[in-house]
Amino acid sequence: MWLNPRNPQLNKNGELHHLLSLEGLPADILRQILDTANSFVGVTQREVKKVPLLRGKAVFNIFFEASTRTRTTFEIAAKRLSADVINLAINVSSQSKGESVLDTVANLSAMQADMFIVRHAASGAPYMIAKHVGPDIHVINAGDGRHSHPTQGLLDMFAIRHYKKDFTHLRVAIVGDILHSRVARSQIHALTTLGCPEIRVIGPRTLIPAEIRGLGVHVYHDMRQGLKDVDVVSMLRLQSERMKGALLASGQEFYKYYGLTDDKLALAKSDAIVLHPGPMNRGVEIDSSVADGKQSVILPQVSFGIAIRMAVMSILAGN
Amino acid sequence: MNKPGNPLPNPLPDAEQLLARLLDQMKPVVGPDTGIIGIHTGGVWVAERLHAALGIKVPLGTLDVSFYRDDFEKIGLHRDVKTSDLPFDVDGRHLILVDDVLYTGRTIRAAMNVLFDYGRPASIQLAALVNRGGRELPVCADFLGGDISLAVSQSVELIRDSHDGTGKLTLKLHEN
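Top line first, the protein sequences correspond to chains A and B.
Per our numbering, the first sequence starts with residue 1, numbered consecutively.
Per our numbering, the second sequence starts with residue 1, numbered consecutively.
If a hint is listed, it holds; no wrong ones were tucked in.
Simulated crosslink set (BS3-like; lysine-lysine; CA at most 27 Å straight-line):
id, chain 1, residue 1, chain 2, residue 2
1, A, K131, B, K74
2, A, K12, A, K57
3, B, K57, B, K82
4, A, K57, B, K82
5, B, K82, A, K50
6, A, K294, A, K228
7, A, K50, B, K74
8, A, K49, B, K74
9, A, K264, A, K294
10, A, K57, B, K74
11, B, K74, A, K12
12, A, K49, B, K82
13, B, K82, A, K164
14, B, K82, A, K79
15, A, K165, A, K228
16, A, K79, B, K74
17, B, K82, A, K165
Only some residues are given here: those of chain A computed to face chain B with a beta carbon under 8 Å:
id, residue
18, Q32
19, D35
20, T36
21, N38
22, S39
23, G42
24, V43
25, S314
26, I315
27, G318
28, N319
Here are a few chain B residues that sit away from chain A, every Cβ distance over 10 Å (derived from the structure):
id, residue
29, D24
30, L60
31, T104
32, I124
33, P138
34, C140
35, L150
36, L158
37, G167
Derived from the structure by calculation, the hints contain no laboratory data.
Built from N, CA and C at the ideal position, the CB exists for glycine as well.
Isolated chain A (complex conformation) (with noise of 0.2 Å):
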């Protein structure tokens, strides 16, 4: 086995194989990426915007689950890295997922595939498939059911590092719908792996899980009390779409309590800057004047999502 059998992302020498969670990723591959990634910020900006680093290679978007903008930021990063992009939508059966899966990947790797950018319903999907891939191709977990979102939560450290520079006097709030988010999960791996030294989660009771604590966070349920004099405020998407059974009255209610609003915001830090991964409801967990406002980072988090993805792509298919 080629793989460090502990963390399985890993390559016996220690350098990234797959990124399927940030969860045990040492300090030094997060810079490297988030480094890597500022030099490709630049290259986003000049006439031509490729670089010929994955040229021949073939990159496969595997999405069990739909998703416009992650896929297209993997698919502009992809091809600005002058890879071949090979996008599927693939409606998952509901028989023998387990085997349609790891057939579906089995072709795809006969069709001499270089890297899998796989999104799933189910949790840990990535890493099953990480696990039957032949040792040249690299997979990149792009969200796991409740688990991990890698990508999302490398380009919220990179937003947090490009304005704020360094994590470790911030305090960081994540607000919303905790329970059903891989986004949170992803970003408080980051955020403690990076040295931020207080991260607060706000959430009404049904959203956020008794374990949270564990992994050494603030819980709030008053989003008031949680804001205050906060450097730097998430919100999470409301996945109503992920919600089963009543674990909120409604959305209006949601946002009375946990929507970000002007005067909510008043409570942070004036310097405060907001991140949403999106999609935005705004009127749901963000109103539009914060959304559009002097401190929202919405969209520049979009162009920094590019190029973390290349970053990721071009360190694994180097190592």
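Since the structure of chain A is provided, determine the placement of chain B on it from the hints.
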């Protein structure tokens, strides 16, 4: 530490002298609009010194060729990729690429590819502090500080003194 007046024998030429020679060759050629571009990392140090001494108004450009290297398949992405920054329009401009050590010529090939992704320069010339031979591509320097001959097992590295504030450049020999 070398004691003053009692230097250790050093087979490598003095980098500051090489720089002075390079400067003499370039002075008559560069114009006010010439773009000087240093290749990371040593080439940028040399380019900074040349740029200041030549009194060029156009800001200095810097180039990292990691995304264009031909050994990516073999050794992967460089761990410490720097940012390329060309703060001027490349189209129609006379450019001088600056590197510290000219060896196989592959870095220069990569650097020219980067430049053409920014635009179409009028011309590109090459300035190198030192040529160690061993070329694998048809590349030669238009401006050259000096030549040294090294075994394949040896390499030479440019060092910049960061302690005394002068940024003095020296060459260091490595036995690999």
